[in-house]
Amino acid sequence: MHHDHVRADASHHVHDRNRRDDDGHDPVGSRPVLSVVVPVRNEERSVALLYDELAAALDPLGEAWEAVFVDDGSTDGSFAALTRLHAAAANVRVVRLRRNFGKAAALVAGFDQAQGETIVTVDGDLQDDPSEIPRLLAKLEEGFDLVSGWKTRRRDPLVRRVLSRLFNAVTSRFS
-17 MHHDHVRADA
-7 SHHVHDRNRR
3 DDDGHDPVGS
13 RPVLSVVVPV
23 RNEERSVALL
33 YDELAAALDP
43 LGEAWEAVFV
53 DDGSTDGSFA
63 ALTRLHAAAA
73 NVRVVRLRRN
83 FGKAAALVAG
93 FDQAQGETIV
103 TVDGDLQDDP
113 SEIPRLLAKL
123 EEGFDLVSGW
133 KTRRRDPLVR
143 RVLSRLFNAV
153 TSRFS
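This note's numbering numbers the first residue of the sequence shown as -17 and each following residue consecutively.
FYI, nobody ran anything at the bench for these hints, they're computed from the structure. Any given hint could be a false lead.
[To be verified] Pair ranges (Cβ atoms, derived):
1) Arg117 / Asp34: 15 to 25 angstroms
2) Pro116 / Ser12: 18 to 28 angstroms
3) Leu43 / Leu128: 12 to 22 angstroms
4) Thr57 / Ser12: 34 to 44 angstroms
[As the list claims (entries may be wrong)] Cut-off 25 angstroms, straight-line C-alpha distance, at most; resulting in silico cross-link-like pairs (SDA-like, lysine to any residue):
5) Lys121 / Asp58
6) Lys121 / Ala39
7) Lys85 / Leu43
8) Lys121 / Val15
Glycine is no exception: its CB is placed at the ideal position from the N, C-alpha and C atoms.
Required output: the full structure, derived from the provided sequences and hints.
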């Protein structure tokens, strides 16, 4: 059973950006319709798989898209993996932050580099399912200004899920 939800009012974030000139034309002409901004921190093993999942979800839409990966000061081989991915795929852009500034700063850096009219964010750890992106985009087509999805079932290993539940139980007891 599928447990992901899409809500059309307000931690996939989708933001519709209007970057057309005063006449409503795209001044560049080859700009992607969609930018997927992906903050990455020590995700060497997941970036190529994530790109493949993005391509499987987005290529069938028939619109130009780009993936903007932001390496947030990774200390593993994430940047090298992203560089290889960039060399192999024309729609991959890579931003490298010189140190770890945090997810919010990585997202802002990605937003600054994104060229798409619409921006979607996806975490680099494979916790977000790219196959949900078309559903989010469909909500924008219905006229919503902002669309957000959230997961009800994550892909975490059992140990991480147990520790998370324990942490949440302790936190709720003392707050």
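| Are Thr57 and Ser12 spaced within 34 to 44 angstroms by their CB atoms? | holds (35 angstroms)
Exercise for review: Kindly confirm whether 12 to 22 angstroms is satisfied by the beta carbon distance between Leu43 and Leu128.
Suggested key: At 20 angstroms between Cβs, range holds.
- Given the hint of 15 to 25 angstroms, check if Arg117 and Asp34 actually sit that far apart at their C-beta atoms. This hint holds: roughly 19 angstroms between Cβ atoms.
Worksheet item: Regarding the pair Lys121 and Val15, is the alpha-carbon distance no greater than 25 angstroms?
Response: Satisfied, since the Cα-Cα distance of roughly 16 angstroms is no more than 25 angstroms.
Check whether the Cα positions of Lys121 and Asp58 lie no farther apart than 25 angstroms. The given pair, whose Cα atoms are some 37 angstroms apart, is violated under the 25 angstroms limit.
Given a hint of 18 to 28 angstroms, does the C-beta separation of Pro116 and Ser12 actually sit inside it?
For Ser12 against Pro116, whose Cβ atoms are near 22 angstroms apart, the range 18 to 28 angstroms holds.
Going straight from one Cα to the other, do Lys85 and Leu43 come out at no more than 25 angstroms? violated (28 angstroms)
Is the hinted pair Lys121 and Ala39 satisfied, with a Cα-Cα distance of at most 25 angstroms? Holds, because 16 angstroms separates the two Cα atoms, which is no more than 25 angstroms.
Checked against the numbered hints given earlier, this structure breaks hints 5 and 7; the rest are met.
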